[in-house]
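Could you put the whole structure together from the sequences, leaning on the hints where they help?
In case you want the letters, here they are:
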Amino acid sequence: DTAVSQTPKYLVTQMGNDKSIKCEQNLGHDTMYWYKQDSKKFLKIMFSYNNKELIINETVPNRFSPKSPDKAHLNLHINSLELGDSAVYFCASSQRPSEGETQYFGPGTRLLVL
Amino acid sequence: AQSVTQLGSHVSVSEGALVLLRCNYASSVPPYLFWYVQYPNQGLQLLLKYTSAATRVKGINGFEAEFKKSETSFHLTKPSAHMSDAAEYFCAVSDPPGFQKLVFGTGTRLLVSP
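Residue numbers (the numbering used here), protein chains in the order written: chain A, 1 to 114; chain B, 1 to 114.
No wet-lab data here; the hints were simulated from the structure.
Treat the hints with caution; some may be incorrect.
[Said to hold, decoys possible] Ranges of calculated distance between the beta carbons of each label pair, as one might list FRET restraints: (1) B:Gly-8 x A:Gly-16: 20 to 30 Å; (2) B:Ser-70 x A:Gly-28: 36 to 46 Å; (3) B:Thr-72 x A:Ser-20: 38 to 48 Å; (4) B:Arg-109 x A:Lys-44: 13 to 23 Å; (5) B:Ser-12 x A:Thr-7: 31 to 41 Å; (6) A:Asp-38 x B:Ala-1: 15 to 25 Å.
[Claimed, not checked] Over the 10 Å line for every Cβ pair with chain B, so calculated as not near, a few chain A residues: (7) Thr-7; (8) Met-15; (9) Asp-85; (10) Leu-114.
Remember, it's a predicted structure, so these values are computed and weren't measured experimentally.
Virtual Cβ for every residue (Gly too), placed ideally from N, Cα, C.
In structure tokens:
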């Protein structure tokens, strides 16, 4: 059973399009995250949700809009895609991050904007 | 804000040799520290973590790390490298308040030669 799953795995699209990435976790965790990994492998947090509430929004352009329909899902919608949005997007989840509990990562979605 | 510095973007070892990957942190409070491994085209997998219990922690695949407050370090070691250890390794620190997000280092690529 996959603990944190993401769809799609690969996404190739044109500039200006709107796309969504879906994330689901079956670990029963309360907290979910989106991270972006750029072409130099640098990882940076974008958003964090706890029980469907936005906790962290790390100066991400408002073209990016996360949505959490329930605590097991955290989707990422991106409007008006730009070349610089090409990256790998990772979803993660954790139960009690304030106690140092592990963040579990999904396999990533590789987005290429042409 | 918390930060981690990984010295050496690439480390090359021979199979059977000692692996040493360096991580130094900057933190205003006692940190939670993590090492993750990323194999090509995959997500991140936790190797081990420090959460203020024992200063020497053991992880998966024979890896260990030691938290040294005096040196603000959390270096990752493995006594004998295996070809399958070739991957990208990331050190990360939890960022207060709430430790809701991980702040990652820039990663170290481990190359293992026969």
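Hint check:
no. : hint                             : verdict
1   : B:Gly-8 x A:Gly-16: 20 to 30 Å   : 40 Å, violated
2   : B:Ser-70 x A:Gly-28: 36 to 46 Å  : 39 Å, holds
3   : B:Thr-72 x A:Ser-20: 38 to 48 Å  : 41 Å, holds
4   : B:Arg-109 x A:Lys-44: 13 to 23 Å : 19 Å, holds
5   : B:Ser-12 x A:Thr-7: 31 to 41 Å   : 36 Å, holds
6   : A:Asp-38 x B:Ala-1: 15 to 25 Å   : 19 Å, holds
7   : Thr-7                            : 14 Å, holds
8   : Met-15                           : 24 Å, holds
9   : Asp-85                           : 19 Å, holds
10  : Leu-114                          : 20 Å, holds
In summary, the structure is inconsistent with hint 1 from the numbered list given earlier, while agreeing with all the others.
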